[in-house]
Amino acid sequence: MFSKTTRQEAAIVTVVLATAACGRTAEPAGAFTDVARDSGVAKMLADHYAANPRWWLSGLYLIDLNADGHLDFVTGAHGGGEAIAALNDGSGRFVPAVGYVGTEVHICADLNEDGKADISMNHHDGGGKWWLNRSGAEKIHLVEGATAGGRGQARVNALIDLDRDGRVDWLHEKPGVCWELGDGKGGFKYGGNVPSGAVRNETNVHYGDLRGKGVIDLVIHWGRYDNGKGRSRILFNDGNLGFVDATVKAGLADRDGIAVKGLGDVNQDGLPDLMLLEDRKPQVYLNGGKGRFGKLAKAFEGIELARKPSYVSWGLATVTDFDNDGIADVIWNGRNFLWVFRGLGGGRLRYMNRTWGIDDFAAATVDDGLCFGDIDADGDLDIIGYGLGGGSRRRTVKVYRNDLPGRNWIRVRPVGAPGNINAAGAKIRIYRPGQTRSALWDKQVQIVSSQSAQSYYSFALTERHFGLGKLTAVDVVVEFYPSGRKVAVRGVKAKTTVVVRERPPARRGGPESPFCGS
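Numbering (the numbering used here), first residue to last: 1 to 518.
Because the hints were derived from the structure by calculation, they are not lab data. Take the hints with a grain of salt, since some may be wrong.
To be verified - 27 Å max Cα-Cα, derived DSS-like pairs, lysine-lysine:
id, residue 1, residue 2
1, Lys-295, Lys-229
2, Lys-298, Lys-249
3, Lys-470, Lys-493
4, Lys-290, Lys-486
5, Lys-229, Lys-281
6, Lys-213, Lys-486
7, Lys-295, Lys-213
8, Lys-298, Lys-281
9, Lys-139, Lys-43
10, Lys-486, Lys-185
11, Lys-229, Lys-308
12, Lys-249, Lys-213
13, Lys-249, Lys-290
From a predicted model like this one, the values you see are computed outputs, not experimental measurements.
Given only the sequences and the hints, what does the whole structure look like? Please build it.
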């Protein structure tokens, strides 16, 4: 019934969306509930530890392994036993999957564009190898794909069409940040490296159109054990695979102690902002335009209650919306913490772990501890994290069901042209119906990871979640990269998932996937 490229859309309602912005006053009633036992996760882990007492659990992921539209649960394994994969029945209950063999997941995308999420994993402790997904509905089957070139290191990763040829490229570390040019079919050829000021490993890469020029700029951080304070650079793109160090010009100090952990529109003004650790304290640097950033004073409320970072090199910070009120929230992991912040508007954030009942601990030995997604299909984002206790050889996992008061939401699945079907670099904008200015949400698709931490949950089609508050309909506009083509879908209803395509699908008989173009 569904063609090769649209099979994974069967489980969703392909209509359009809605968005909202409301004022913030009192904290909402309700919180998150640990359902590790009811979900089946607690028993799976207990059984696995019983069979493998020295198992090193080293990652938590939500990936739709069998392309049925449900997020499945996957763990990492750094030795002492195999990883766990469990299929989701659609209600948030998991049963062990058959056939999965893996180490630690680094990054996911439909690399060969066959309608299933492929996975890059840790290879020989620090390298990277892609595994192409050939799974059926009940049995997982992965086959070997491309291996990292350069010096073979791929602890941190990013997917973006750097040379603007329409085919997504693979960025990873060593020497510095190197890139491999993609062939659009899952293969890569080593292309060169981006000067980072230091040829070191553990280099995080964030990318985005920092200056509104339609090109991809880079934000690079390095550190690890040899630099516990961390150091970051901002590199502006000349549009021809050339990068200019603009760290000081952009507003960051060129010194140790600055570690950029995330890039996203925290104050919802349409410009990507920086989330970073400065001398081990969280800070928000707002983008004032043209890629010039300034520190937002007193950006964090309640941070004195939070667990403090042991090192700054680990972790990511991601903008999303957990309470669906239309104001940007942030989830942030590191060593050894997991912070959940509720947005207050204007880029300010409130530490919510204690209020919402979420342990702020993360194992993070290899960067894990950032895992969220809607596992029970009720329209809000749940969280999977670590619990305190258990020790390094028997880590406990909590599955936090989101029980916050229900509000409206929308999910957008941008589908790029062949070669970049995952729509890396696309800009998703959500507007009130009939408006063309002042977007409620403006998110550029980033597909990035830092060791075992991914920036978002993974379906075969890229998906991004937006809270709408009380709004019942919105307009959605996706500006695809690198073509710049804009596709608009008007009057999208709340509580739906919309697929927005850069190109209309070819007719192959049977019902055509919904598509609207501007």
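Going through the hints against the structure:
1. Lys-295 <-> Lys-229: holds (19 Å)
2. Lys-298 <-> Lys-249: holds (23 Å)
3. Lys-470 <-> Lys-493: Holds, at about 12 Å.
4. Lys-290 <-> Lys-486: Distance of about 22 Å is within 27 Å: holds.
5. Lys-229 <-> Lys-281: holds (11 Å)
6. Lys-213 <-> Lys-486: holds (15 Å)
7. Lys-295 <-> Lys-213: With Cα atoms ~23 Å apart, Lys-295 and Lys-213 stay inside 27 Å; holds.
8. Lys-298 <-> Lys-281: It holds: about 11 Å lies between the C-alpha atoms, which stays within 27 Å.
9. Lys-139 <-> Lys-43: Measuring from Cα to Cα gives roughly 21 Å; hence the hint holds.
10. Lys-486 <-> Lys-185: holds (25 Å)
11. Lys-229 <-> Lys-308: Holds, at roughly 13 Å.
12. Lys-249 <-> Lys-213: Holds. Lys-249 to Lys-213 sits at ~17 Å (cutoff 27 Å).
13. Lys-249 <-> Lys-290: Holds, at roughly 10 Å.
In summary, the structure agrees with every hint in the numbered list given earlier.
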